[in-house]
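*Asks:* Listed below, chain by chain, are the residues.
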Amino acid sequence: MPDPLHVDLLRVDLLQAKNLCAGYGEMEILKTVDFSIREGSITAVIGSNGAGKTTLMRALSGLIATRSGAITFDGGVVSGLPAHERLEKGVALVPEGRLVFPDFTVHETLKVGAFSPRAHEGWKQRIEDMYALFPRLLQRKQSRAGSLSGGEQQMLALARGLMSRPKLLLLDEPSLGLAPMMADEVFRQLRTIRDSGITICLVEQNVQAALDIADYGYVMEDGHVKMHGPAAELLTMGSIRESYLGL
Amino acid sequence: MDQLASTQLLLSALVLASIYALVALGLNLIYGTMRLLNVAHGELMMLGGYTSFWAFELLGVGTLWSMFGAIALTAALGALCYVTVFRYVVRNRELAARLESNSLLIFFGFSIIIQNGLSIAFSADQRSYTYLNGIFALGDARVELNRLAVLGVGAAATAACVLFFRFSRLGLATRALIQQRDAASLVGINADRIQLLVFCVGFGMAGLAGSLVSMTETVTPFGGFPYTISAFIVIILGGLGNLTGGILGAVLLATIEIYGVALTSSAYRSILVYGVFIAILFLRPQGLLGRKMR
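Listed in order, the protein sequences are those of chains R and E. Using our numbering, the letters of the first sequence map in sequence onto residues 1 to 247. Using our numbering, the letters of the second sequence map in sequence onto residues 1 to 294.
Any given hint could be a false lead.
As the list claims (entries may be wrong) - Now the in silico label distances, taken between C-beta atoms and shown as ranges:
no. : chain 1 : residue 1 : chain 2 : residue 2 : range
1   : R       : Asp34     : E       : Leu170    : 38 to 44 angstroms
2   : R       : Gly25     : E       : Ile271    : 46 to 52 angstroms
3   : R       : Asp184    : E       : Asp192    : 37 to 43 angstroms
4   : E       : Asp192    : R       : Thr105    : 49 to 55 angstroms
5   : R       : Ser147    : E       : Val85     : 50 to 56 angstroms
6   : E       : Ala96     : R       : Arg136    : 43 to 49 angstroms
Claimed, not checked - With a cut-off of at most 20 angstroms between alpha-carbon atoms, the simulated SDA-like pairs for lysine to any residue come out as follows:
no. : chain 1 : residue 1 : chain 2 : residue 2
7   : R       : Lys124    : E       : Leu172
8   : R       : Lys111    : E       : Asn190
9   : R       : Lys111    : E       : Gly171
10  : R       : Lys124    : E       : Arg169
11  : R       : Lys111    : E       : Leu172
12  : R       : Lys124    : E       : Ser168
13  : R       : Lys141    : E       : Gln179
I should point out that these hints are in silico values taken from the structure, not numbers from a laboratory. Just so you know, these numbers come straight off a predicted model, no measurement behind them. In this text, a Cβ means the ideal position worked out from N, Cα and C, and glycines have one as well.
Please work from the sequences and hints to get the whole structure.
*Replies:* Pasting the structure below:
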């Protein structure tokens, strides 16, 4: 085992956001956010409702435009690129509320998940891999996505994101609306996915569960990063235990 | 009652259905993908019709060849229209919120420009030409070859489009975009390119329909409007944005028109068509194959 501190220094940032501002229309939601995600890590973003967590995910994935500041990913600036071009570079978002294609079957959804050129090679095998990772989806292969349960839709959205062969998987509230057992399963799968070499960043209401699986954490408040640090450290901090864990 | 079982009537209904299906297809594609109401659709048909008319009159080129010219001309116009106007309208969040009503106004403007442009260029005279007018006997039915050509080409083009959007990679992407725009861009679909494709195919199919119709009907600058209305009825019957539903709507409308008029008289045509239309909307407001609003 190498010295943990030494390994930490060797790790590089896969994604970096500097002075990031973004919002909708007149509303400025993110106000100069500095943020980074280390390669191979699980990074958790926590904070109360309206803190700007979802906006951060949408800005990182390119669904909304960056007002000012810069996002670099894997050595290149991506802040000016639309979502489909960022996906091509390896940034995939599993959006809040899942945003499934209601009329597609599970199988069609996975197929369209490999639409981008980077994901085209070996897409058939990858669909089989997804069925192995989420056996429930195999059972519902020919069902319409719109007819699936919340938990199944979440798995489908996750599998769809993985179909694009991402380097970085962004997840917005993956456990929202799920029964506790289902949520536990999703968190377990996130670990498996990270161990397969995909960097993960997730936004979560379930602070305990998120920090439990994460290596690093960010706390957002009112469009700013209030604090950040190793997840294990954040979990022991009094202010976080009070505000977000209700302890 | 004998008359109702005749091959003649069946053929007439099929010819009309294939035209309606083709006209409605283009309208449906553009509405389904971008929520744009193209009320200039019939005018695009007339552009296609004039292309085939002049190709025949001036160059002696038959419609079965000039229809490719009609498709190319209208598809290019579709690309121009998307690139100059709608690309920006769709992108701008404020304009996009009122897209459906704005598109109605923009296309209404296009329709007036095309109608009057055509009358300045070619006068308001009714134009027609004689092409493929040999008679083909099918049992006791007599049908002109050009009507069979309308049926054959119309049905083939409609089927090709439906199969393309059902089974091809780009078709899959288009259907994804129709269902969920944000999710489509998150799986790597370039909405801009799909929208350009849809404009070209939608406009091109209208041009093809006009080219085909010019073999059997007269072409005038203002002759497109009834087709626009019929196409709207067809896609509303079938379910807005549902391509297969559009074919069903086309067959239904053509059947009502041909058999209804045969049973009563041509004076009842509008009453029958709109009567059934309104009755279906009472029973299934979302159209025959449409889903209820979620």
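*Asks:* Now tell me, hint by hint, if it's right for this structure.
*Replies:* Hint by hint, here is what the structure shows:
no. : hint                                    : in the structure
1   : R/Asp34 x E/Leu170: 38 to 44 angstroms  : 40 angstroms, holds
2   : R/Gly25 x E/Ile271: 46 to 52 angstroms  : 49 angstroms, holds
3   : R/Asp184 x E/Asp192: 37 to 43 angstroms : 41 angstroms, holds
4   : E/Asp192 x R/Thr105: 49 to 55 angstroms : 27 angstroms, violated
5   : R/Ser147 x E/Val85: 50 to 56 angstroms  : 38 angstroms, violated
6   : E/Ala96 x R/Arg136: 43 to 49 angstroms  : 37 angstroms, violated
7   : R/Lys124 x E/Leu172                     : 16 angstroms, holds
8   : R/Lys111 x E/Asn190                     : 16 angstroms, holds
9   : R/Lys111 x E/Gly171                     : 12 angstroms, holds
10  : R/Lys124 x E/Arg169                     : 14 angstroms, holds
11  : R/Lys111 x E/Leu172                     : 9 angstroms, holds
12  : R/Lys124 x E/Ser168                     : 16 angstroms, holds
13  : R/Lys141 x E/Gln179                     : 19 angstroms, holds
Of the numbered hints given earlier, the model fails hints 4, 5 and 6; all others are met.
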